[in-house]
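Undergrad: Below are the chains, spelled out letter by letter.
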Amino acid sequence: MAPKDSDDIPRMHHPLEIPKLKCGAMEDSAPYPASPAHQASVGFPEELLPDWKERALAKMKDLAEKNRAFKVYLDACVKCGACTDKCHYFLGTGDPKNMPVARQDLLRSVYRRYFTFAGKYFPKLVGARDLTEEVLDEWYSYYHQCSQCRRCSVFCPYGIDTAEISMAAREIMDVVGKGQKYCNEIIGKVHVVGNNLGLQEKALRATLEDLEEEIEEDTGVSVRLPLDEKGADILLITPSADFFAEPHIEGLIGYAKVFHEAGVSWTISSHASEAANFGLFIGSYENMRKVSLRIRKAAQDLGVKRIIFGECGHAWRVAYSFLNTLAGPWDFLDPKYPVPQHILEFTWDQIQRGNLKLDKSQNDHIRLTYHDSCNVARASGMGDQPGGQFEIPRNVIRAVCNHFYDMDRDTIRESTFCCGGGGGLLTDELMDLRTKGAAPRMTALQQVTEEHGVTHMAAICAICKTQFSKVMPKFGYDMESIVSVHQLVSNAIVLTGQGGAEDEDGEEDAA
Amino acid sequence: MSYQVNGHTIEHDEEGYITTLSDWSKELADEIAKVENIDMTEEHWAVVNFLRDYYDEYQIAPAVRVLIKAIKKEMGPEKGNNKYMYELFPYGPAKQACKIAGLPKPTGCV
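Those protein sequence lines, which keep their order, are chains A and B.
Position one of the first sequence corresponds to residue 1 (this note's numbering), numbered consecutively onward.
Position one of the second sequence corresponds to residue 512 (this note's numbering), numbered consecutively onward.
Heads up, a few of these hints could be off.
Here chain A is said to cover these stretches of chain B; the calculated rule only asks that three of the stretch's residues, wherever they fall, bring their Cβ under 8 Å from a Cβ of chain A [claimed, not checked]:
#1 570 to 576
#2 614 to 621
Calculated Cβ distances over 10 Å to all of chain B for the following chain A residues [what the hints assert, rightly or not]:
#3 H260
#4 G388
#5 S415
Simulated from the structure, these hints should not be mistaken for laboratory data.
All values reported here derive from a predicted model rather than from experimental measurement.
We put the CB at the ideal spot given by N, CA and C, even for glycine.
Construct all of the structure, not just a fragment, from the sequences and the given hints.
TA: Pasting the structure below:
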């Protein structure tokens, strides 16, 4: 029952190397199904309904009518092939059904059969096929081999976004009673407890107090991590992994130090103790909205003036692109600040104002590269300049780190590779897929290790961090080689009143 | 899907986590460890016992660094570190040790 190790970790010579085709190589890959209780907790049928086929087609019709993008994506593909070698799962597995066009066609073929003239009367001529239980199982397998990272959409001349099709497919499966355990169990937990982990207020408080003690022991300075403090200016919404996992917690310590030095009042909320919003991954607007409304309630109850998001990739997509329609209007917040803000925008602003004292040499043991997280890179922005989502994290990194080297240009920024665990696939039973899907990114990393002696990679997404800490050891790196950007900030920051560094000649521990 | 202990059948989920937490016993822990290819030593038990105590108090497993801090206090810095925890539990102290301790699997981006 221990997760099976990948027996054939792909060894690539170049991150973009096109593999030999291996038909059907991943046809047995599928995540655990949601239990009846998990399904019910997110408002879906407990098991596959007897009339699932009719309902699936009705849902597809409904989506095509209401969501113009979805219909255009299904209609517009001309099979040019530009996307075929752009998916990390295809590059890592060689399974041709992981080519984005083939993945889209799993659904498009059924759409054509039932909703287009040619497909209704001449199905064979246009690649249309009947919806059968085998097709449904194929959807379940291959729509859970897409991390919705949108790399393929960058290269599609029509801008077809496979992520949208994959989200729609998962939604169709959910409404007929064929949901995925990992996502649905977690969303159900958020609705009840307020975060993916199921971390209750008492445990959260104890964790934060523990971190306060730790920072004081390390620096001699009392830095607070406040919880549920009414009247604070800033509400921090961060992934619950920041309260639990490594290197995520190091990032949280970094946010706290930045807030401390900036002299602002801030708080975490036990009601909305999660930035992640897995409603996005399953294409469920209702679940996405319900999760987002917790943030609205927390902001109102605590009377904050601004909302800042911590390091979480897809959360930033949801926040940046949809928060206003999901949970707005935000007219009760201070109009001087954008809603929401990213912690990196805040930190970069503080650095530019000269409010942070930074000792870059504290990161001299690290030769760093940076992994652009897919949802930040391709589905959001940062700051007020185009491309800010690429520049601001790098600006902050360069301000705190002396040795920084970017990876191959075709694997970063808007062309970044997914970590291999995004989009609701960060679950142990998919470890084989996750390892293979990480191969292009790992190969790009190995290149900068060879060329520049890179030892560490930074990321700003909880999923990326966990995924890399699990798969990097399979590619010859230490699990601690993945770091949070605010972990680097935390290392470099010299708190006011902190001994050591260039202040006096006291030891680090001096108060 | 079940473990057999002293003639009792104890149900578990697809990943081997027991479904009824009150079914746990030391004998069951030994049985789960066997399936996971782990020989339970004194150090393994120290981790399992800490996890269970923490869960009693907080209804969740502790963060890995909290666990490591506690083990460090009890057994010293050679054992209270991340690397050693992964030597004890190759699939991760959070998940594999929780399974043996009879606690639910930590969910989310962890």
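Undergrad: Could you run down the list of hints and mark each one as holding or not?
TA: Against the structure, the hints:
no.	hint	verdict
1	570 to 576	holds (count 5)
2	614 to 621	holds (count 6)
3	H260	holds (20 Å)
4	G388	holds (24 Å)
5	S415	holds (24 Å)
The earlier numbered hints are all upheld by this structure, with none contradicted.
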